[in-house]
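Number of protein chains: 2
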Amino acid sequence: MKVVVVLSGGLDSTVLLASALEQGFEVRAITFDYGQRHNREIQSAIRVAHHFGLDPGNTHKLIDISHVGEQLLQGSALTSPSVEVPLGHYADPSMRITVVPNRNMIMLSIAAGWAISLSCGAVALGVHAGDHAVYPDCRPRFFAAAEEALRLGNYVSLTVMTPFIDWTKAAIVKHGAELKAPFELSWSCYQGGEKHCGKCGTCVERREAFQLAGVPDPTEYFV
Amino acid sequence: MKVVVVLSGGLDSTVLLASALEQGFEVRAITFDYGQRHNREIQSAIRVAHHFGLDPGNTHKLIDISHVGEQLLQGSALTSPSVEVPLGHYADPSMRITVVPNRNMIMLSIAAGWAISLSCGAVALGVHAGDHAVYPDCRPRFFAAAEEALRLGNYVSLTVMTPFIDWTKAAIVKHGAELKAPFELSWSCYQGGEKHCGKCGTCVERREAFQLAGVPDPTEYFV
Chain A
1 MKVVVVLSGG
11 LDSTVLLASA
21 LEQGFEVRAI
31 TFDYGQRHNR
41 EIQSAIRVAH
51 HFGLDPGNTH
61 KLIDISHVGE
71 QLLQGSALTS
81 PSVEVPLGHY
91 ADPSMRITVV
101 PNRNMIMLSI
111 AAGWAISLSC
121 GAVALGVHAG
131 DHAVYPDCRP
141 RFFAAAEEAL
151 RLGNYVSLTV
161 MTPFIDWTKA
171 AIVKHGAELK
181 APFELSWSCY
191 QGGEKHCGKC
201 GTCVERREAF
211 QLAGVPDPTE
221 YFV
Chain B
1001 MKVVVVLSGG
1011 LDSTVLLASA
1021 LEQGFEVRAI
1031 TFDYGQRHNR
1041 EIQSAIRVAH
1051 HFGLDPGNTH
1061 KLIDISHVGE
1071 QLLQGSALTS
1081 PSVEVPLGHY
1091 ADPSMRITVV
1101 PNRNMIMLSI
1111 AAGWAISLSC
1121 GAVALGVHAG
1131 DHAVYPDCRP
1141 RFFAAAEEAL
1151 RLGNYVSLTV
1161 MTPFIDWTKA
1171 AIVKHGAELK
1181 APFELSWSCY
1191 QGGEKHCGKC
1201 GTCVERREAF
1211 QLAGVPDPTE
1221 YFV
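Going line by line, the protein sequences match chains A and B. For the first sequence, position 146 (counting from the first letter as 1) is numbered 146 according to the numbering used here, and the numbering increases by one without interruption. When you read off a place in the second sequence, starting at 1, and then add 1000, the result is the number in the numbering used here.
It should be emphasised that the hints constitute simulated quantities derived from the structure, not laboratory data. Small disclaimer: the values here were computed from a predicted structure and weren't measured. Among the hints, erroneous ones may be present.
Below, a list of computed lysine to any residue pairs in the SDA-like style, where the Cα atoms sit at most 20 Å apart [to be verified]:
| no. | chain 1 | residue 1 | chain 2 | residue 2 |
| --- | --- | --- | --- | --- |
| 1 | A | K2 | B | A1122 |
| 2 | A | K180 | A | L118 |
| 3 | B | K1199 | B | Q1071 |
| 4 | A | K2 | B | K1199 |
| 5 | A | K195 | A | H89 |
| 6 | B | K1002 | A | Q74 |
| 7 | A | K2 | B | F1025 |
| 8 | B | K1002 | A | E220 |
| 9 | B | K1002 | A | Q71 |
| 10 | B | K1180 | B | F1025 |
| 11 | B | K1180 | B | Q1071 |
Computed footprint of chain A on chain B, listed as stretches where at least three residues anywhere in the stretch have a Cβ under 8 Å from a Cβ of chain A [unchecked claim]:
| no. | segment |
| --- | --- |
| 12 | 1058-1068 |
| 13 | 1112-1123 |
| 14 | 1164-1172 |
We put the beta carbon where it would ideally sit given N, CA and C, even for glycine.
Please work from the sequences and hints to get the whole structure.
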């Protein structure tokens, strides 16, 4: 079966891509520039796709909808330069300011359109249990409803695959280590500097996941 | 209440905009360039928005996602130059080739993201009963599922307004005539030439709607 993987360049989608390939799926990957502050992750997505032999512009599409983020999806720390990225734990209520309005539905909708055009049977996303507290569009019932909307809105049915949706990030790191996923190419930090800042919610969560998994962390953190 | 109207530049969304303003909604409009063959309709959307005093780039956003259509949503007569637009009635099975994969979910998702960012309570689309035969993403149950996905995927609830969803196009023309909607500025033809071709499904449906409504048709058709 063919599957379209939404590849952000983060740790979770990097392991998802490794996992889909390992399971024998014929993989297409799609990466979105939605005007995110940490567009450094897009470079990571390109490197990860290259690592796995995907072909830029063909089996790996980079889709620039940065104007959508900049003109329409304002108010989030990830799309509004004037809103600061909060420090602290990824699941803290303060992280709500990093929610981008309707982000996953936008990305899923476009990825699904491509999947249908390619006669792919599925779209896969690397959301995990740690996302649920803050991001409503990472919860199981959102994906169930979105899958139903996709089924009703098109002549073909697509499966929305979210294999890590009940996993901790530590479990994803363990799985990635087994698959020899290129963790060092992936990017988590919301600040999007030269190195991972080590203090923002995603850095805290990333570092903690490696520790809990007992897997050496190849990430260079600023602090 | 504030509402985001998806304005294609076609007849239905032109009347929808007129109707929303007449009902006292504070209106924002959004128009998508998704690489449609008949991008002539975008010029119509700009003229219609101007007619109603909307402000380009501010209360009327033109969003260019033509690369999404060109790179991802291939196989439709509306996005693939090599696929011809069929002639005949709008409800003919042959019109299926004009279906663009997941088009309404993509546009609704982006419009909804903007609506949430603006604290709008609703997104409105001008779909009508004549669309149901060929376009699954114009049917009531699709919009019900999409509204549910939007509710579950965000911290605020949005209403997806489709006031014409059970109306014939003739009823929309009648309503538009009462509102003095600028029919002459709107565009239907899928061929997208200088004039309406008069032969494609949307031209046939447009002409028929004026005749059935008993409203003078200001459209200049090629044949």
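Take the segment 1058-1068 of chain B, compare each residue's beta carbon with every beta carbon of chain A, and decide whether three or more fall closer than 8 Å. Holds, because 6 residues of the segment 1058-1068 of chain B bring their Cβ atoms closer than 8 Å to Cβ atoms of chain A.
Hint consistency between K1002(B) and Q74(A) [alpha-carbon to alpha-carbon, up to 20 Å]: OK: K1002(B) and Q74(A) at ~17 Å, within 20 Å.
State whether the coverage of the segment 1164-1172 of chain B by chain A holds or is violated, taking the criterion as 3 or more residues with Cβ-Cβ distances under 8 Å. violated (count 0)
Restraint status (C-alpha distance of K1199(B) to Q1071(B) at most 20 Å): With Cα atoms ~29 Å apart, K1199(B) and Q1071(B) exceed 20 Å; violated.
With a cut-off of 20 Å on the C-alpha distance, tell me whether K2(A) and K1199(B) pass. Given that 20 Å is the threshold and the Cα spacing comes to 39 Å, the pair is violated.
20 Å limit on alpha-carbon distance, applied to hinted pair K1180(B) and F1025(B): Holds, at roughly 17 Å.
Can you confirm whether the C-alpha distance between K2(A) and F1025(B) stays at or below 20 Å? Violated. K2(A) to F1025(B) sits at ~45 Å, over the 20 Å cutoff.
Using C-beta distances, would you say chain A covers the segment 1112-1123 of chain B, given that this needs three or more residues below 8 Å? This one holds; 5 residues, not fewer than the three required, reach chain A with a Cβ under 8 Å.
With the threshold set at 20 Å, check whether the alpha-carbon distance from K1002(B) to E220(A) stays at or below it. With Cα atoms ~46 Å apart, K1002(B) and E220(A) exceed 20 Å; violated.
Hint check: K195(A) vs H89(A), CA-CA at most 20 Å. Holds or violated? With a Cα-Cα distance of about 19 Å, the restraint between K195(A) and H89(A) holds, given a limit of 20 Å.
Is K1002(B) close enough to Q71(A), meaning Cα to Cα at most 20 Å? holds, 18 Å
Are the Cα atoms of K1180(B) and Q1071(B) separated by 20 Å or less? Roughly 39 Å separates the two Cα atoms, so the pair is violated.
Of the numbered hints listed earlier, those contradicted by the structure are 1, 2, 3, 4, 7, 8, 11 and 14.
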